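Number of protein chains: 2
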Amino acid sequence: MQTIEKTETKLLELKTRLSEITDIEAAASLLYWDQATYMPPKGAAARGRQLATLQQISHSKFTDPAMGELLEDLRSLEASLPYDSDEASLVRVTRRKYERAARVPATFMAKFSRHRTDTYGAWVAARPDNNFAAVEPYLEKTLELSRELANFFPGYDHIADPLIDFADYGMQAGFLRSLFAQLRDELVPIVEAITAQPMTDDRCLHQYYPAQDQLAFTLKIIEQLGYDFQRGRQDQTHHPFMINFSTEDVRITTRVYDNDLGQALFSSIHEMGHGLYEQGISPTLEGTPLAGGTSAGIHESQSRLWENIVGRSRGFWQFFYPQLQAAFPHQLKDISLETFYRAINKVVRSLIRTDADEVTYNLHVMIRFDLELDLLEGKLAVRDLPEAWRERYRSDLGIVPETDMDGVLQDVHWYTSQIGGMFQCYTLGNLMSSQIFEAALVAHPEILANIEQGQFSTLHNWLRENIYQHGCKYTAAELIKGVTGADLHIAPFIRYIRQKYGQLYDL
Amino acid sequence: MQTIEKTETKLLELKTRLSEITDIEAAASLLYWDQATYMPPKGAAARGRQLATLQQISHSKFTDPAMGELLEDLRSLEASLPYDSDEASLVRVTRRKYERAARVPATFMAKFSRHRTDTYGAWVAARPDNNFAAVEPYLEKTLELSRELANFFPGYDHIADPLIDFADYGMQAGFLRSLFAQLRDELVPIVEAITAQPMTDDRCLHQYYPAQDQLAFTLKIIEQLGYDFQRGRQDQTHHPFMINFSTEDVRITTRVYDNDLGQALFSSIHEMGHGLYEQGISPTLEGTPLAGGTSAGIHESQSRLWENIVGRSRGFWQFFYPQLQAAFPHQLKDISLETFYRAINKVVRSLIRTDADEVTYNLHVMIRFDLELDLLEGKLAVRDLPEAWRERYRSDLGIVPETDMDGVLQDVHWYTSQIGGMFQCYTLGNLMSSQIFEAALVAHPEILANIEQGQFSTLHNWLRENIYQHGCKYTAAELIKGVTGADLHIAPFIRYIRQKYGQLYDL
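Same order as they appear, the protein sequences are chains A and B.
So for the first sequence, the numbering used here puts the first residue at 1; every next one is plus one.
So for the second sequence, the numbering used here puts the first residue at 1; every next one is plus one.
Treat the hints with care, since some could be wrong.
As the list makes no split between identical chains, a pair holds if one copy fits it or if it spans any two.
Claimed, not checked - Using 27 Å as the maximum straight-line C-alpha spacing, the simulated DSSO-like pairs for lysine-lysine come out as follows:
{"id": "1", "residue 1": "K111", "residue 2": "K10"}
{"id": "2", "residue 1": "K61", "residue 2": "K10"}
{"id": "3", "residue 1": "K220", "residue 2": "K42"}
{"id": "4", "residue 1": "K141", "residue 2": "K111"}
{"id": "5", "residue 1": "K220", "residue 2": "K481"}
{"id": "6", "residue 1": "K141", "residue 2": "K379"}
{"id": "7", "residue 1": "K141", "residue 2": "K6"}
{"id": "8", "residue 1": "K500", "residue 2": "K97"}
{"id": "9", "residue 1": "K42", "residue 2": "K346"}
{"id": "10", "residue 1": "K111", "residue 2": "K15"}
{"id": "11", "residue 1": "K15", "residue 2": "K42"}
{"id": "12", "residue 1": "K141", "residue 2": "K10"}
{"id": "13", "residue 1": "K15", "residue 2": "K61"}
{"id": "14", "residue 1": "K61", "residue 2": "K111"}
{"id": "15", "residue 1": "K333", "residue 2": "K97"}
{"id": "16", "residue 1": "K379", "residue 2": "K42"}
{"id": "17", "residue 1": "K481", "residue 2": "K141"}
{"id": "18", "residue 1": "K333", "residue 2": "K379"}
{"id": "19", "residue 1": "K346", "residue 2": "K15"}
By construction, these hints were calculated from the structure, which means they are not laboratory data.
Keep in mind it's a predicted model, so treat the numbers as computed, not measured.
Kindly generate the complete structure, drawing on both the sequences and the hints.
Shown next as structure tokens:
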């Protein structure tokens, strides 16, 4: 009896500590959201300090040795409860996160944080000048610190594994390399076959579309898709993102170009996919580390599922295109659904990852993933990175960037974080999205017909039931296996691409 | 030598601790700003928890006994430096705030905080129903807790003094009672003389004015007045306020009624006055308790100076009225400057403090101030408060509220904070604004002519130089004496009212 009471007391203390940390993290997230949306320009310096202070406080509270003791003391409780119960999951997942966080000394965190800030500043200056030489010494140091970071987690198979764990816990470089190699072998010939055909005409998307009207249309779409505006909102930012301050306040941002209709439409649906995930987490997990998406890959699977598999499907636009034409009669009255549908699914060999279509996108990602591994392994020197980048674009995509701005200086990731573990989530997300969607169709074959009628609740409910509500109770691998009955594999994505683009390009 | 080094180390440690606390408070302020501006409705519950957590952390860090020890150790440094040096001021003011904060036990804070939340909820429900009985038991408890709070600061002359100190440090009930009595004796006959005359026609303000056009005009005005939009922004909220996250990020809010032009115009200028104060604080005080307005009264003096003395002056509108007419030609083309000027300065016996004109406003405030003292002294029982309210409105303003909603349930203050110290700042602000403005005119007699030409920098610079830059280095009393050469007195305000309204109403 006394033991049970003691355990209850300890569980309550754990929850109290975690709730406080969650609140601090939410405040830090709001500082970030505000910085990206409404902060006046000169607020930036103080904002940087405020963010650093809150992150430091939350990290120090989370890695308090008392937290480790509590988690040890709660092992027997965890063992006595079902694996997927809220309490056992709380202790298990918190311990995993605690052990990871506690491994990295605060002094290293501070040193790495300062270096990342410096590197980002150097990149912002170097990028417009195509000046890779200016960032090279920073990247050298980043590579060194990335290895140091990985080595706080000895016993790995590949030095990238601990770094991959930060975003996609449990995924390993060896497995991913093999998975991605299969994917590349399938994709390269498809891209070749498609790009041998005449290029799709997408001029209909590049007329003048007033920004306010575009925004109004995106709001209408994402509300119908199931995003809850009582628990969220959409604002504009330079780079779209999703962020949440609780499961009851999950916000998204979008960007609008008045000469590119696709930007606002698909970035809104993409971020909404992330948002549906967070809005769908069980309220019983609120205030704990369980109340969040379980991995970057699973998160991306939801944004890509809604953006691409649903939002770029013919059925979706059978329903929405008449409304889009009504919203933009001048621009679209003479454009057929078929022309529009082909335009939003145009496949092209391109240099910029974030603008890439569904077919070529993963080739961009996998180039970066392989280069990360080569750098970490020491096979590739930082000074040779620009040439290695060009070489891989030549072999995988058949085009070569003329400048480093469109090449190795393109993505912010390596210039604001570690090298290693930064890119796999995008391709994981695409693969998972297809595998999950196939499972949804097995459970509810009517989903495709529903989409044509503008009804999304069957799909949304199935995803909430099977994925969203669990937060991070399950790892990505557990979730994929549990939801689809199989381990992650490339076949569903390849089937999806072959079917959709086979028909579009008459392969 | 070693001592100097030790002192430097301690000073640095003090600044480091204060900087961390300032960051946490800024994050809490942003949580509040977001709640009032953009937060989705269902975010409220989590937001309440987040605010409470950050306030608790910041309070606990500020009242850490180590802080007290540091402040003790820095007494010799303080004594060795000029009174108004940054360092001596930092130690002196921080110690004063520390000693006040450390006096109130955390358990009492938590208890009072919960009670205030409950009381506010009861008030929100009771107000539309005119149901004073429903809040009476809450107010009884508030009164009891307010006395308990005051008694953590023994040695006072009047039990309200420690409560007044929270907002207006150094002001005392006895002094204020006497000051306010003089003011009342002057104002009541003026109000009688004015209201014996025909009522001013202010229908020109109550036409339809599109909200967006009003907002655009307020932005133009406050920018010209000197508000820096690189370090601030204006949003809409139900109740306008100013809030800051650093001296480089000072935001204001306004409210717009499409049938009342005065609301947006004057609430924007009012909050901008608060904003100019905070934007004008010396950057060397950033990250310390010195970087804020020194008292609620001084703060209010700046909002009222800009709103009333400048913003409702004839000279101001000689400059801006043609622009206002150009912005709203349909509504104002046939309205003369004189008619508009009289409309925005209409004096009327009214029931609602926040809508009251300059002449009657202080009568509203002083009624509440006196009732607070009577309650604290035990002269007045909570159950007799509604009747006491009516009685005072009858004697001071010559009208009686028909409902408690327009009477004792009108203001949120007593229902969300303590009883005592909540209202004096408004009248202090009005009195100070006139006394300060007279001093500015002595230094720069050209200010009145400048205003007629839409030039505000001489006044703004003088205020920044003499008041804003100092943050809270000086107490309100020190500042008034230093800036105006005299202690606070009512003569300047009475001169201002007599001159302006004597001319308007031909007294």
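Looking back at the numbered hints, which does the structure fail to meet, lowest number first? 5, 7, 8, 9, 12, 15, 16, 17, 18, 19
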